[in-house]
Structures are given as C-alpha cells and as structure tokens.
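Single-letter residue listing:
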Amino acid sequence: MSAWTKVGAARSADASPARRPNVGLIGAVFFIVSESMFFLGLFLAYFYLRALSKTWPPPDTPPLSTVLPTLNTGVLLISTLFMAWAERGIARGDARRLQIGTGVAAVLGLIFLTIQAFEIADLGFAPHSSAYGSAFFFLMGFHVVRVFGGVVFMVIILARALIGQFSARRRAAVQACALYWYFLAGVWLVVFWVLYWLK
Amino acid sequence: MASVSIPARTEYLRHGLVSWLATVDHKRIGIMYLASTFVFFLLSGLMALVIRLQLTAPGLQIVNQDLYNQLFTMHGTGMIFLFTIPCLVGFANYFLPLQIGARDVAFPRLNALSLWLLIFAGVVMEGGFLLGILGLLPGGASNAAWTAYVPLSNKQFSPQIGMDIWLLGVVLLGISSTLGAVNFLVTAYTMRAQGMTIWRIPMFVWAMIVTAAMVLIATPVLTAALAMLIADRNFATQFFNTANARLWQHMFWFYSHPAVYIMILPAMGIVSEILPVFARKPLFGLKAVVVSTILIGVLGFTTWVHHMFVSGVDPIVERFFMLTTMIIAVPTGVKMFNWLFTMLGGSLNLKTPLLMCLGFLSTFVIGGLTGVIQALIPLDMQLHNTYWVVAHFHYVLFGGSVFGIFAGFYYWLPKITGRLLDDKLGKLHFALMWVGFNLTFFPMHFLGLMGMPRRIATYTADRGWELGNLIATIGAFMVAVSVLIFMVNFVRSLRHGARAGNDPWEGNTLEWTVTSPPPEHNFDTLPTVESERPARDLRLAASNPTVPAH
Ligand code: HEM
Ligand SMILES: [Cu+2]
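Line order of the protein sequences matches chains A and B.
Reading the first sequence from the start, the letters are residues 1114 to 1312 in my numbering.
Reading the second sequence from the start, the letters are residues 1144 to 1693 in my numbering.
Calculated directly from the structure, the hints in this document are not laboratory data.
All figures in this text were calculated on a predicted structure; none of them were measured in a lab.
Hints may be right or wrong, so weigh each one.
What the hints assert, rightly or not - Heads up, simulated SDA-like pairs for lysine to any residue below, C-alpha to C-alpha not over 20 Å straight-line:
no., chain 1, residue 1, chain 2, residue 2
1, B, Lys1430, B, Phe1484
2, A, Lys1312, A, Pro1176
3, B, Lys1494, B, Ile1614
4, A, Lys1167, B, Val1456
5, B, Lys1478, B, Gly1511
6, A, Lys1167, B, Ala1388
7, A, Lys1167, B, Ala1386
8, B, Lys1570, B, Arg1635
9, A, Lys1167, A, Phe1156
10, A, Lys1167, B, Gly1640
11, B, Lys1494, B, Ile1509
12, A, Lys1167, B, Arg1389
13, B, Lys1298, A, Gly1246
14, B, Lys1478, B, Leu1504
15, B, Lys1298, B, Val1314
16, B, Lys1494, B, Val1626
17, A, Lys1167, B, Gln1381
18, A, Lys1167, B, Gly1455
19, B, Lys1570, B, Leu1491
20, B, Lys1494, B, Asp1565
21, B, Lys1298, A, Ser1242
22, A, Lys1167, A, Ser1242
23, B, Lys1494, B, Glu1649
24, B, Lys1298, A, His1241
25, B, Lys1478, B, Gly1489
26, B, Lys1478, B, Arg1343
27, A, Lys1312, A, Thr1168
28, A, Lys1167, B, Asp1457
29, A, Lys1167, B, Asn1384
30, A, Lys1312, A, Leu1302
31, B, Lys1494, B, Gly1640
32, B, Lys1298, A, Ala1239
33, B, Lys1570, B, Ile1628
Just chain A, with the same shape it has in the complex (with noise of 0.2 Å):
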C-alpha cells in the first residue's frame, strides 16, 4: 500500500527519468500474472482429469524417459544464467556483456526447442490418444510456444542491444525480457516435475 502512496507521489512532471516507475516493466509483471493463470488453468485440467482417470497414464501408454528432458532442463536453467548476466551486466553500464548474454540465452533457448521438438515427436502417444495425451500434449505445446515467443523477445532485446539503444540507466525492456525468461523457466520446472516425475 505505501507503494501506492510513494507511486503517487513520485509521479510529478520534475520526477528525474530514473526514478520514475517504468511502466513497461510493471506491464510485463501483470502480464506475467495473466500467464500463470493461463498454466494454472491448464494444471488443474490436467489434475482433474488425473483424478478422475482409474489408470494415469492409461495401460498402453509407453514409459517416459526422462533422459532428453533433463539435459533441457539443465539448457534451460543454464540460460537463465547467462540472461541474469546480462542483465546485471547492464545494469552496469557494460553493453557487450548484455550482447553477449542475451546471445548466448536464445541460442540455448533455440537448443531447448530443437530438444522439445524431438522429445515430442518421439514420445510414442498422441494428443487424442486419450485424457493423458491431451494434457501432457497442451502442458508441453503450450510452454513451447512460449519459450519460442521469449526466444523472439530476446532476440529483439539483442538486436536493440547491438545498436547501442540500452545504458544503466535506460534497460526496463532488458529487465522485461529477463522476468519472462525467468518466468518461463520456472513453468517448465513445474511442467517437468508434473509430466515426468510426480507418481
């Protein structure tokens, strides 16, 4: 709530740039609220079907093997790495840092869909095979349409980057792309530990 009030208060026209809340930072925080509840929506299907399934995964089901998707995994968190150096690498005024960062990030973002491509393809059930396939099937389609909608952003935060447009003092669109891909990497720890783990 005194969030509010000093919001309120800071906002006046003389309000130096850098204090000002940027309000395309606070936009991504909301839309990453609507996002959760988009994955919320799709989790709870997929317990409720569970639920009311005698046998999840049905008999025929082939054994999952959790080989490809923990290597993503690992590809994954690994990119988080490199966008959080980024990020504080801009945050201090060092530009190549962010290039190379945000670079290194889609690129493993890319490697982690190459990855997901072949783990779907070869998971031996099919969306409408029954309940199961449905909602493993939207749970991993949905978050892979996603990473590649992140792989985008930073792709646009790297081009951005290499004509010079982000400082310390100017990078809310850095800090936006980074939540999301931190965002999205926390769904898939979710979406791995349901789809592959939980007995």
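Let chain A serve as the given structure and place chain B with the ligands on it in line with the hints.
Below, chain B with the ligands without anything else, positioned relative to chain A:
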C-alpha cells in the same frame, strides 16, 4: 484553462475516417468502444424482442426451435461479451486517464489493439450468427447457449462450424480484455496526478482497478478451457469426454462468476461517482466503499460452484460454496448502505443521472436478494434452469449493470460531446425503462416458481404461464421504446443540446476541470490533487479567491 471555448460541433467529428482508424488517443478509442458496443447492445436487444415475441402466447411459430436456440445463444453472448463488459471498458478508456489526471493510458497502441480485437471478434461472432440464421453455414450458428456446456458443444452434438466461429470469437474477446486489464492496471499504478494517494483515487477508478485485476486472473482460465474445447472439436483431443464434462463447468464458471463482478463493479463505480455529486455531499464511508470493492473482488473467486448444485459435485463442497455465496452478499450490502446514507439528508438534484442510479439501486437489490435465495442448495435444486434464474440474472445485469451504464451515459456524454442531453426526454426514458424492465422480468420469478424452464422455444396452454409471458413481452417492448427515446435524445443533443460547459453538474473529479470535450492532451499542465474532490476544491477556490484552494 478558465476560458471556455467549445467548437460548434465536437472537435472529433471533423477528423477524417483514417484518423479514427489510426488513432491511439484514449478518448477517441473510448468513443469507439462505446459506439461499437452500443451497436452490439441494439443487436442483442433485437434478438431479445424476437425471443419475447415468440414466447408471448403458447404455441406460437414466429421462429422455429432451431432458430430460437441460436437467438438466445447470441442474445446472451452479445449482451455479456460484446456489450456490458466492453462498454464499461469504454467508459474506463475515456475517463480513467482524465480522472487520475493523466494525458493518456500507459500503452496507447496496446489500447488500440484491444479495441480492434473487440470489433473484429464482434464482427466474427455477429457475422457467424447472421450467416447461420440465413442458412449459409451448414448446421447454422452456435446454439449451445452462452455457457456452451459440453457435451452439447462438442463435435458430436454441435458439429456445425458456427460453433467454432463462436469459440474463436470468445477467445479473441478474452485476449482483448486481458490486454486492456494490463493497460488499466499500469495506468492507474504509475500515472496518477501528483498528490493522488490511495484514498484520493476516484471511486470509478478504484472499481476499474479491481475489475482489471479480476479480468487478469479469471480470463486466462477461460481461454485455457476454450483452447481445450476447440482442440477437442478439431483435433480429437479428449479433455471433455462425457465422463469429464464437469471440468468445463468448473473452468467456465471460474471465469464467469467473477465476470458478474467484472460487469457490476464498474457500474457500482459509476453510481459511487454520481450519487455524491447529485446529493451534493461527500460519499458516505469512502473507505468502506473501497474496501468492500476489494473484498467483492477477492470473494468473487470463491463462489463459482453455486452454478453447479445439480451437477453432482460432492455435497460437502457444495455446502462450502453455499456459504461463500452468502458471505459475498455482505460487502455488497455494505455498499448499499453507503449509497443510501450518501443520499440521506443531501439536497438531491433529481436529474436523469441520479434517477438512473436510483433505478440501479432499486432493481439491483432485488437481484441480490434472489441471488442469496438461490444460494440455498435445496431451493436452487428447484429453481435451477427455470425462469426464476432468468429473472434473477436480468435483475443483476440489466437492473444493475445496464442502469449503471445509462447513468454513465447521462452523466458523462455531455463531457464527450460538449452538449447536454435533454432532461425531460431522459426522465421519460428512465420511467419507461424502469417500468418496462420490471414488467418484463418480475413475472419471470413466478413463471420460474410455476416450473417454466428457460431455453424453451414454446409451451402449451395448460400450464398457467400465459399471463406472465404476455406481460413480459409488453414490458420488453416498453424497454425497446425507451432505448429509442434515448437514441433520439442523443442525436438531438448533438445539434440542439444546451452547451455543457466544463462542469455542468458541479462534479468532484478532474474530468470536470477541463473543457467539454477535453483537449487532445487532456490537461495543459498536469494537475495536483489535494483531496478526493479536486474539481470541487478548484471551484471553491475560484468562487472565493481570498481563501486558498484547500
Ligand atoms: C429488453 C431487454 C431484454 C430482454 C427482453 C431479455 C430477454 C431474455 C429472455 C426471455 C431470455 C431467456 C431465453 C430462454 O431462456 O429461452 C434471456 C436470456 C439471457 N439474457 Fe436477456 N433480455 C434482455 C436484456 C439482457 C441484458 C441487458 C443482458 C446482459 C447484460 C442479458 C443477458 C442474458 C443472458 C446471459 C441470457 C441467457 C442466455 C442463455 O440461456 O444462454 N439480457 N433474455
Ligand atoms: Cu455465480
């Protein structure tokens, strides 16, 4: 700012068409929201008239069963998704930035995207409906009601493409309103005028903050459910097999019960703005109004299973939701008392905006009471799916939201157009609408108690339902006439209406400190706020220059 210069016609009407298509000005976007949603209101209203004609007497054949189902589906969908929700967003678009002393919303281009998504979705849905009833779509338009329950809405029972068009439309509307919600939250959070601390935020803005938060939390869950249903229909996924049909009901009502508050909170916000101005008193218990708004927003997420008391949910769970539903009536009741005490002892300025608010209070209270009655599980098992429910939710949505919307029109259109609406015609509109509304929907309580089910295209003469239905149809046409009067009044006011000036009502909030219509940039200098009634402060300071502004 003191000089009052108003163009003969409103400034906006002189801009070319292209400038309207390309605009990112929150005021013009607000106008387009209001105009397009009003068209959707008229379309859904026409459908309601056909529905009422068909039910006037037993055994009529004005429309057949097939057409009837498509009609009430699109009537309900249009009224909720294309009119009430986005129309209130239209008010917020125009007035939220003005009321907080900002020059625009935080993301003007995103705002334009929300608008065009809404219009596109509306055209898709109404277009699909039109093609469907004209027989140009195999199988017709969607006919699975606005609730689209599975299995009725699945591929087996609703094979027609019209159903997919409907689903696509609702997805687009969900995206539009989610983007809008992000925009309003960020705007209200970061762009308030200097000095506008939490207890100085106008009531309509508070209502929109809570509404936007609810949209942000509820809508994505509906979007997920819609995606699942679309996939079931088109890619043979297995989410809503008959055995899992209740999953749809849970996800649908997780959105659609909060949606009731998404439709009513902004209307309550409008009432809370108008009553103090027209009672010439401060809002009674401002903090209680704010806190109850927030409480309604939170509790709104705890009641959805009250729509599923006959769906076979665990009885313990049902009892929990019965309790929460009754609890949510408490903050609503608090507001009723705040409004009544605001008027008590005030010198009431009995103009149309106030009358519309009184219409809101008198009808909404009935809808609230019938709601509490329905919350009782054994009663609901009898009332469910009867005309009682139709009566109940029209008392809430029409008696509440729509009276609130018209209150908003009479209060704020002068700010938008620069011209006052005629008060005599306004009073005629109000009287006809209030009487017509009650004639239409009050008898439906009895029809429901007599066992008349909703969503039936006709009935036989041996049930004793004739009188109630006849009265309802007469009332519906009175409402239609009253809306025509409003439209005549509006069009006349553009040319012949009295000049509104900056502040025709002696208002409290910042929109009344600028010209009508406001300049493109809203404020020459960004205002500073020293109380919750900044416009009044300025007025008093101007009329009594020796006393400082506060
Ligand atoms: C003159 C005004 C109106 C009339 C005469 C009217 C009449 C009706 C009638 C008779 C039904 C029941 C149809 C049936 O179950 O067979 C109905 C359904 C409905 N109405 Fe209205 N209505 C009006 C305005 C509104 C408004 C303003 C709203 C919302 C803001 C609204 C929302 C709905 C909804 C959601 C349904 C349920 C549709 C369904 O069962 O899927 N109506 N209306
Ligand atoms: Cu409800």
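Hints, verified against the model:
The suggested pairing of lysine 1430 of chain B with phenylalanine 1484 of chain B holds, with an alpha-carbon distance near 14 Å, which does not exceed 20 Å. At most 20 Å may separate the alpha-carbon atoms for a hinted pair to count; lysine 1312 of chain A and proline 1176 of chain A meet this at roughly 13 Å. A C-alpha spacing of about 29 Å is found between lysine 1494 of chain B and isoleucine 1614 of chain B, which places the hinted pair above 20 Å, so the restraint is violated. In summary, the hint linking lysine 1167 of chain A to valine 1456 of chain B is supported, as the alpha carbons are separated by about 19 Å, within the 20 Å threshold.
For the given pair, lysine 1478 of chain B sits about 12 Å from glycine 1511 of chain B by alpha-carbon distance, which is consistent with the 20 Å threshold. At most 20 Å may separate the alpha-carbon atoms for a hinted pair to count; lysine 1167 of chain A and alanine 1388 of chain B meet this at roughly 17 Å. Between lysine 1167 of chain A and alanine 1386 of chain B the alpha-carbon distance is near 12 Å, which keeps this suggested pair within the 20 Å criterion. Taking the CA atoms of lysine 1570 of chain B and arginine 1635 of chain B, the gap is near 15 Å; set against the 20 Å cutoff, the hint holds.
Proximity of lysine 1167 of chain A to phenylalanine 1156 of chain A is assessed by CA-CA distance (about 19 Å); at most 20 Å being required, the pair is judged to hold. Of the supplied pair hints, the one linking lysine 1167 of chain A and glycine 1640 of chain B is violated, its CA atoms being roughly 70 Å apart against a limit of 20 Å. For a cut-off of 20 Å, the pair hint linking lysine 1494 of chain B to isoleucine 1509 of chain B is broken: about 23 Å separates their Cα positions. Taking the CA atoms of lysine 1167 of chain A and arginine 1389 of chain B, the gap is near 17 Å; set against the 20 Å cutoff, the hint holds.
The straight-line distance between the Cα atoms of lysine 1298 of chain B and glycine 1246 of chain A is roughly 19 Å, inside the 20 Å bound, and the hint therefore holds. Simply put, lysine 1478 of chain B and leucine 1504 of chain B have alpha-carbon atoms about 10 Å apart, close enough for the 20 Å limit, and the pair holds. Of the pairs offered as hints, the one joining lysine 1298 of chain B and valine 1314 of chain B holds, with about 18 Å between alpha carbons and a cut-off of 20 Å not exceeded. Straight-line distance between C-alpha atoms of lysine 1494 of chain B and valine 1626 of chain B comes to about 18 Å, which keeps the hinted pair within the 20 Å bound.
Under the criterion of a C-alpha separation no larger than 20 Å, the hint pairing lysine 1167 of chain A with glutamine 1381 of chain B is consistent with the structure, at around 15 Å. Distance restraint check for lysine 1167 of chain A and glycine 1455 of chain B: the Cα-Cα separation of roughly 19 Å lies within the 20 Å cut-off, and the hinted pair is therefore satisfied. Distance check on the hinted pair: lysine 1570 of chain B and leucine 1491 of chain B sit about 15 Å apart at the alpha-carbon level, within 20 Å; holds. Straight-line distance between C-alpha atoms of lysine 1494 of chain B and aspartate 1565 of chain B comes to about 10 Å, which keeps the hinted pair within the 20 Å bound.
With a CA separation close to 17 Å, the supplied pair lysine 1298 of chain B and serine 1242 of chain A stays within the 20 Å bound. As the CA atoms of lysine 1167 of chain A and serine 1242 of chain A are separated by approximately 16 Å, the hinted pair is consistent with the 20 Å bound. Between the alpha carbons of lysine 1494 of chain B and glutamate 1649 of chain B the distance comes to roughly 13 Å, so the proposed pair stays at or under 20 Å and holds. About 14 Å separates the Cα atoms of lysine 1298 of chain B and histidine 1241 of chain A, which keeps this hinted pair within 20 Å; it holds.
Our distance criterion of 20 Å between C-alpha atoms is met by lysine 1478 of chain B and glycine 1489 of chain B, whose separation comes to about 17 Å. At most 20 Å may separate the alpha-carbon atoms for a hinted pair to count; lysine 1478 of chain B and arginine 1343 of chain B meet this at roughly 18 Å. A distance of roughly 11 Å separates the Cα atoms of lysine 1312 of chain A and threonine 1168 of chain A; the hinted pair therefore holds under the 20 Å criterion. At most 20 Å may separate the alpha-carbon atoms for a hinted pair to count; lysine 1167 of chain A and aspartate 1457 of chain B meet this at roughly 19 Å.
With a C-alpha separation of about 15 Å, the suggested pairing of lysine 1167 of chain A with asparagine 1384 of chain B holds against the 20 Å cut-off. For the hint linking lysine 1312 of chain A to leucine 1302 of chain A, the alpha-carbon distance of about 16 Å falls within 20 Å, and the restraint holds. Restraint check: the Cα-Cα separation between lysine 1494 of chain B and glycine 1640 of chain B comes to about 15 Å, which is no more than 20 Å; the hinted pair holds. Restraint check for lysine 1298 of chain B and alanine 1239 of chain A: satisfied, since their Cα atoms lie roughly 19 Å apart, inside the 20 Å limit.
Of the supplied pair hints, the one linking lysine 1570 of chain B and isoleucine 1628 of chain B holds, its CA atoms being roughly 10 Å apart against a limit of 20 Å.
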